[in-house]
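Trainee: Chain C: place on chain G using the hints.
If you're matching them up, the sequences are chains G and C in order.
Just so you know, the numbering used here puts 164 at position 164 of the first sequence, and the rest follows in order with no gaps.
Just so you know, the numbering used here puts 332 at position 150 of the second sequence, and the rest follows in order with no gaps.
I should point out that these hints are in silico values taken from the structure, not numbers from a laboratory.
None of these values were measured; they are calculated from a predicted model.
Heads up, the beta-carbon is just placed ideally off N, CA and C, and yes, glycines get one too.
There may be inaccurate statements among the hints.
Chain C residues, not near chain G, derived (Cβ > 10 Å throughout) [said to hold, decoys possible]: (1) Leu212; (2) Cys215; (3) Phe347; (4) Asp383.
One side of the interface only, derived from the structure: several residues of chain C facing chain G at Cβ under 10 Å [claimed, not checked]: (5) Val256; (6) Ala259; (7) Lys277; (8) Leu281; (9) Met343; (10) Leu364.
Not the full set, but computed from the structure, chain G residues with beta-carbon under 10 Å of chain C [claimed, not checked]: (11) Ile10; (12) Ser30; (13) Leu118.
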Amino acid sequence: MNIRLKMVLILTLFACISGGVLSLVYIVSSPLIEANVLKEQDRSIFLVVPEAKTYDEVEKEAVTYFNCKDESGRTVGIALPAKGNGYQGVIRLMVGLTPDLEKITGVAVLEQVETPGLGGRIAEKDFQDQFKGVITDPAVGWVKNQAPEKKTDIQAVTGATISSRSVVAIINRSIQEIKQVL
Amino acid sequence: MSDLNSTQKGVFVEFTKGFWKENPIFVMLLGMCPTLAVTTSAINGLTMGLAVVFVLTCSSLIISIVRNIIPKQVRIATFIVIVATFVTMVDLFLKAFLLDLSKALGPFIPLIVVNCIILGRAEAFASKNGVMRSLLDAVGVSLGFTVTLVILGGIREILGMGTFFGMVVLGERFEKWVVMLLPPGAFITLGLLLGAKNIIDRRLAEKRK
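Same shape as in the complex, but just chain G (with noise of 0.2 Å):
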């Protein structure tokens, strides 16, 4: 057989087989992986709003959020998913307030590739907790190795400002953004 037809015809028929067996595990594996996604997804919201007992999702301009209510539909909070750099790279956060605005319920750290056994512990949970109860207006404050006096501020992890920084940061745009919107 001429050498140029025989690679076509073997590439094209390992690419033809590998693409059949990948649609067949993607076809077996993707629900699962979906509802992976959505139980992270419910763990957080229910995390950080703990007296939500059902959420919907709403999309409005732009921003996402999830309306949290209990078992008479009252809405008793608001979910924010909210995303921004850190000090080496993304940190994603699912922050939950009163349904005014004012108060942050708690705050959930989704995602975040911080140095290890530095900024990564604003993924523990004795940093995250430090967040409930703290008032957002006019805006989350951050203080250096001394308990916060205000009621605005936490207190950043020692040896990591940026990181604890970065937190508050993201968290007060994305309250600014919703405050525009709802």
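Mentor: Using the frame of chain G, we list chain C on its own:
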């Protein structure tokens, strides 16, 4: 090594060589990117290693079966298609069943496609040897890779976090060596282990004289 005759012993050597004599990390120095990047903990090293075991074993099997029908001009392209197929399977599997590990390993699972251990074994071994020998070679080399990654990850995890596979082994009072979790820690650990292996090899060679 690959030119040994097919006696029982010769075949078995194909399996064991990956652990010491032709260890992919310590001797061939292949696959350095995942070696340095993902070994921040023992579990990351183990998962990465097992992913490579699956990909290398499956692709070596297929490549050794079809090696005679592939025109040599397109062999690398064909190998890559085969390897990429299995890598995508692993990636989807991890995302479906082990989401946290999939996140921790990030882009390094998809990057197995271009891992030189896989293409190296395909080109240097599976495309020239029969199914049985290729399988033994693939399993041996990839398990050698896995064991080495677990050792590296274990050392870095113990010194950097005081834990091993998440279990606390060094008490509360242990001051964590954060540097071990950072890139320099990977280079330092790998360098020391390489040196240690060379010392042992030299001692063994002297004894034999």
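Trainee: State for each hint whether it applies.
Mentor: Taking the hints in turn, this is what the structure says about them:
1. For leucine 212 of chain C, the non-interface assignment is confirmed: its Cβ lies about 24 Å from the closest Cβ of chain G, beyond the 10 Å cut-off.
2. The non-interface label for cysteine 215 of chain C is consistent with chain G: the shortest C-beta to C-beta separation is roughly 16 Å, beyond 10 Å.
3. Listed as outside the interface, phenylalanine 347 of chain C is consistent with that label: its C-beta sits roughly 16 Å from the nearest C-beta of chain G, beyond the 10 Å cut-off.
4. For aspartate 383 of chain C, the non-interface assignment is confirmed: its Cβ lies about 33 Å from the closest Cβ of chain G, beyond the 10 Å cut-off.
5. Because the smallest distance between the Cβ of valine 256 of chain C and any Cβ of chain G comes to about 5 Å, under 10 Å, the interface hint for this residue holds.
6. With its C-beta approaching chain G no nearer than about 6 Å, alanine 259 of chain C sits inside the 10 Å limit, and its interface hint holds.
7. The interface hint given for lysine 277 of chain C is met, as the beta carbon of that residue sits about 5 Å from the closest beta carbon of chain G, less than 10 Å.
8. Checking leucine 281 of chain C against chain G: minimum C-beta separation of about 5 Å stays under 10 Å; hint holds.
9. Interface hint at methionine 343 of chain C: satisfied, since its Cβ lies 7 Å from the closest Cβ of chain G, which is below the 10 Å cut-off.
10. The beta carbon of leucine 364 of chain C comes within 7 Å of a beta carbon in chain G, closer than 10 Å, and the hint placing it at the interface holds.
11. Here the hint on isoleucine 10 of chain G is kept, as its CB sits about 6 Å from the closest CB of chain C, short of 10 Å.
12. Interface hint status for serine 30 of chain G: upheld, as the beta-carbon distance to the closest one in chain C is roughly 8 Å, under 10 Å.
13. A distance limit of 10 Å between C-beta atoms decides the matter here; for leucine 118 of chain G the minimum to chain C is near 6 Å, and the interface restraint holds.
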